[in-house]
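Asker: First to last, the sequence lines map onto chains R and P. Note that the working numbering has the first sequence beginning at 1, numbered continuously upward. Note that the working numbering has the second sequence beginning at 280, numbered continuously upward.
Since the hints were made in silico from the structure, they are not lab data. We treat Cβ as the ideally placed atom computed from N, Cα and C, and that holds for glycine. Mixed in with the good hints, there may be bad ones.
DEER-style ranges, computed between Cβ atoms [stated by the list, open to error]:
#1 P:V375 / R:R10: 19 to 27 Å
#2 P:L468 / R:E95: 26 to 34 Å
#3 P:A443 / R:S164: 20 to 28 Å
#4 R:T8 / P:P314: 55 to 63 Å
#5 R:R240 / P:V306: 13 to 21 Å
#6 P:R322 / R:M245: 15 to 23 Å
#7 R:L260 / P:P414: 28 to 36 Å
Listed here are the chains, written in short residue letters.
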Amino acid sequence: MKVSPVTTQRIAVGFMWMLTGITLAVLVFILAFILVHGLPHVTWTFLTQSPSSMGREGGIFPMILGTFLVAGLAVLLAAPIGVATAVYLSEYTREGRLTLVIRFGADCLSGVPSIIFGLFGFVFFAITLGMGLSVLSGSLTLALMVLPTIIRTSEEAIRAVPTSYREVSLGLGGTRWQTVFYVVLRSALPGISTGIVLSLGRSISETAAVMLTAGSALRLPRSLFDSSRTLALHFYLLSREGISMPNAYATASVLIIAILALNLLAYSLMRRFAVKATR
Amino acid sequence: MKRDKVIGAILLVVALSAISGLALITVFIFREGVPIILRVGPRQFFLSTDWDPSLGHFGILSMMVGSLFVTVGAAVIGVVFSLSLAIVLTQFAPPVLAAALKPVIELLAGIPSVVYGFVGVVTLVPLIRHWLGGPGLSVLAASIVLGVMILPTITSIAIDALEAVPRTYLEGSIALGATRWQTVTMVLLRAARSGLVAAVILGMGRAIGETMAVIMVAGNALDVPRSLLAPVRTLTSNIALEMGYASGDHRQALFATGVTLFVIITILNTAALAVSRQRSGKRHAR
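For reference, chain P alone in the conformation it holds in the complex (with noise of 0.2 Å):
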């Protein structure tokens, strides 16, 4: 009995590793990222658009549109993409497709994002240059293949949402003489809503947090994007690009940049879990 007390004590001290190591990130990022920030001045660093370390400038505005253009992008080609995947495999499709199919989808999600870039890069991209114009390293292009990544997350998740209606709801759509579509859009949808919005907010933050695949095939330029054809550069890629050579207030300017990417995150996460959460409230009240 005795050592069943000292063998959970264990158990506990290691448990609280996820929480502790989720400690030291945020401690060590801001310790690095704050005080730039500061020192150059909130107004300055979030609200201009003027990047240039070697004159010290720090403005990361057009980034952070960069990020959200193309996150809304990503998310816009995501939620059709795998609504459709979602209702078709749990409504529609034979159960053995429907189970065969799931794996191939996390699949997609394991494929490494260095490989979704690349094949943006030499097959998306020239095609986006000679059909639409531009240089074909585009807002555009960075979405779908975001859109692309974000889609077995997306997906995955809208399937639990969708697997968690009562039976009897759809059975009672049906019985009243709806079709399945019908029952799909006015019973299905609305019952599963809290936990497809939750979806398509992780599915953002993946697409905001996205690093190498966007690098690739966005352009990065450093001018806010005036369309959807123009290159532009994200939070994530800022870091990624110029962390190899940066340093002194430079590297604290990419710190400062990954605090912002950071807090924007959470605030994405915890949206997400709220609302997930607001949903199987609802579920134990019932």
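Just chain R, same shape as in the assembly (with noise of 0.2 Å):
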């Protein structure tokens, strides 16, 4: 029996809109179940309270300290360094043999998995640097392993600046730099200021790169050189070591809510891109 193409396509695009009705269903799946088993326990007390009894009791306040002082101060180091990449990918030389060096060391960086920064980063800052499993080695690495995405978002903002932009501004007598300070940086700093925020997200998601430099000490971090356990590594010991699935749950949930806020901040900073862009 021959089926008539009309037929086939019935067939073929309803299989492909039930593939996309599973995913969106596992993405809400995924996110309910821990909202819904781990919200109930989300108090004021277990957000600002010190664990004890390796996590059985108490809450995660040292967790979100080191999670924050981790994935902020990898930010706060790979997002200047990729935007100066980017800004000089873009601005200051033509496509070279340099600019295929340079691009090609960020694709092949962002390709390297955490495990292998994680075994980076143990022996070459924590070991040969003598920084120990520390806040700093953490940061460290994460910086290394969140610079491409930096680099790549940064100048795919900045090669969207219109040239006419440039064009004015140099014209008025602008240097380069002022130009590309004042002008083409201030037109692409929502598109820039995604990409910082979609790596932040990636800081506090890591879960293997920081086990192997920042290690999982439980106590408040008092400086860089303390290490400190982040909350997606807390969640992963309390659920894998069957230490307190309620507590784990609790963690996962703020973990979510983390990134579900960075996510939405990144999405409406797009928006506001997207808008400017098609002025």
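Put the complex together from the two separate chains, hints included.
Answerer: If you want it as structure tokens, here you go:
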């Protein structure tokens, strides 16, 4: 029997819509599953207290602070380097062998798995440079990990700035640097910030690299050279070692809410960018 | 003018930091890992399934096979779902819906891998154990969880590849009387082929490099898996599981595991880069 092309189309497209639906259902299920089980346990005391007996009791305040320090510092280190690289690639040089090498480096770096970053951070920052398992080792490692993302998103944002803007600035007698700083970077700011916000999200989510470089100490980090456990690692250890399921769900909920908030922020920044670009 | 030159020079130095980082990583991982491979003998290290650090036996074959199984499984699942998503979003969904769904897929990429692993272990693993038998912690569980995790990567690159196909190709096909589905299979997918291949390769790179989620759902047994339902240990989980207490030769052997992973990933990424460059080359020629 020959099936008519129209019937084939109906079946194929229906099937693909079904797969699309399943994907969305999985996403909703994952988020709902964690939040439904976890949110009831997220209380003010849970957020502001230190854990006791390995996290079975008490809260997650040191991990919130640890995550904030490790991820925040990582992005703080990576953002200027990434944006500067993007400025160099798009404004200060012509395409050539040098840009090819720089791009190749960033491309390869973005493909390196996080566990390799962890191994490297462990042997380089923690041991060779003597920083130990610490906030600083962790954030330096993460900074290297998110650098390619920041470079790529910043470069895209900078390239999207219309050439006429630059021409006007140069025509008014602005130097190249003034043009880049006051005109190009300003117009590209929403796009650049989107990349930075998403990198912050990725730093917060990261577990493997942080485990090998920042360690898993439960106490409050007092300096950048103290070991500190991040939320993601705390969640992993709680659930994997079966220490406390309610606390594991609650920690995951805090993590998910942070990620949702960052993604929402990135999305609204991007929309502002899109609106500007169409104007 | 002089100040501009100075700024340019400073920017150049900063811009070299990504490639310097990559070089540092390569040097340090290899310096820690390669000596032990040579000491044990590459044959023994890569072709033996005997991993027993306390006896000084370092053979990673079963983990290499484990990584391969899990990655291929994830790619199969990831590709079917991602391609459908990409085709639906670019060809069949109303633009408003497509625009709303893209950030949702990005959100899927933002969820921490430990969360995927955890949800896998408390929902998917018991289902597999109950309905299909075995311990539940298995190649299958790891493939499904990884398949979902690499979905956003493949989807977003595939969408770019599909959107890069000139509209005229599609219009030509429709004008010749083909249905939209025929246009998709006969024109769109063929024209976007190299981009789609690159997307799949990059997705596989993601899957083979993923660590925490795999540890949680794969069971981590040291044997070569004999079925989809058998537990499995991958290269990445071997490193993460044992790094905490390893020292001496054992630690070096874990770095050597890392070297192996690094080489595999580099080959995959280079392949993806070559495929997508081929595509852009073709476009210039036109």
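Asker: Each of the hints needs a verdict: does it hold here or not?
Answerer: For each hint, the structure was consulted:
1. At roughly 23 Å, the beta-carbon separation of V375 of chain P and R10 of chain R lies within the given 19 to 27 Å, and the hint holds.
2. Against the hinted window of 26 to 34 Å, the Cβ-Cβ separation of L468 of chain P and E95 of chain R comes to about 31 Å, which satisfies the hint.
3. Range check, A443 of chain P to S164 of chain R: Cβ separation about 26 Å, and the 20 to 28 Å hint holds.
4. Remark: the range hint 55 to 63 Å for T8 of chain R to P314 of chain P is upheld by a beta-carbon distance near 59 Å.
5. The hinted window of 13 to 21 Å between R240 of chain R and V306 of chain P is violated, with their beta carbons roughly 33 Å apart.
6. Between R322 of chain P and M245 of chain R the beta carbon distance is about 46 Å. The supplied range of 15 to 23 Å is therefore violated.
7. For L260 of chain R and P414 of chain P, the Cβ-Cβ distance of about 34 Å falls inside the hinted range of 28 to 36 Å, so the restraint holds.
Hints 5 and 6 from the list above are not met by this structure, while the remaining hints are.
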